[in-house]
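Peer 1: Sequence:
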Amino acid sequence: LHDALPISVSVGVAPIWVGDGAVPVDEMPSTPSDNLRPPAEVLRARGRERVLVVDPYPYNRALLEAQLVRAGYEVEVFSDGASLLARVEVSGTPALYIISDTLPDTHGFELVRRLVGRGEDKRAPVIVTAARRDSAFRIAGLSAGVDYYLRKPVNGVELFTAARILVDRHRLVDDLRRALGELRTTQ
Numbered sequence: 704l705h706d707a708l709p710i711s712v713s714v715g716v717a718p719i720w721v722g723d724g725a726v727p728v729d730e731m732p733s734t735p736s737d738n739l740r741p742p743a744e745v746l747r748a749r750g751r752e753r754v755l756v757v758d759p760y761p762y763n764r765a766l767l768e769a770q771l772v773r774a775g776y777e778v779e780v781f782s783d784g785a786s787l788l789a790r791v792e793v794s795g796t797p798a799l800y801i802i803s804d805t806l807p808d809t810h811g812f813e814l815v816r817r818l819v820g821r822g823e824d825k826r827a828p829v830i831v832t833a834a835r836r837d838s839a840f841r842i843a844g845l846s847a848g849v850d851y852y853l854r855k856p857v858n859g860v861e862l863f864t865a866a867r868i869l870v871d872r873h874r875l876v877d878d879l880r881r882a883l884g885e886l887r888t889t890q
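To convert, count from 1 in the sequence shown and add 703; that's our numbering.
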């Protein structure tokens with residue numbers, strides 16, 4: 704048997720390893736090359752904005768990181784919410800968060816609430832990645848502070864578009880707040 708892979712025989716039954724040697728541990732499948740093409744110029748980062756990504760699965764982290772780096776973002780990845788929060792405390796607010804709805808130490812929405820609760824001056828846009836489709840789930844996320852949803856598996860073009868729009872919108876809102884503050888001080 705060459706190139707044997709684990710086979711799942713039915714729902715509720717564990718996969719059976721049929722290859723030679725030991726069962727592979729934490730092997731990451733290769734990343735689909737179509738998802739790794741750089742985006743069109745209009746969808747690329749304007750200035751190496753920093754993006755923090757948290758997902759419990761190595762493949763998802765690697766794919767999101769590869770896609771975002773190709774789009775010109777500076778990316779840091781984490782496997783749990785506590786690590787992301789600790790990094791934010793040390794290095795400050797990024798331009799964008801991408802958070803999985805399922806994390807080993809907390810729910811994605813709880814992490815969003817904690818990040819949003821840091822204050823408006825420390826707010827950054829939030830994209831949540833999820834396999835779920837139900838509207839009640841999306842409504843709960845919007846209530847927590849989610850700005851956009853990406854369905855897993857993540858489509859590269861949708862990721863590039865959402866990231867660029869959210870980062871640009873956030874920058875414009877910050878510019879307007881600063882201008883309003885300056886206007887108020889001159890009156």
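Quick caveat, the hints were computed from the structure, so don't treat them as lab data.
Wrong hints could be hidden among the right ones.
Claimed, not checked - FRET-style restraints, in silico, Cβ to Cβ: (1) E885 / P856: 40 to 50 Å; (2) D877 / L845: 44 to 54 Å; (3) D824 / D871: 16 to 26 Å; (4) R836 / L886: 25 to 35 Å.
All C-beta atoms in this analysis are idealised placements derived from N, C-alpha and C, irrespective of residue type, glycine included.
Peer 1: When the hints from earlier in the document are held up against this structure, which numbers fail?
Peer 2: 2 and 4
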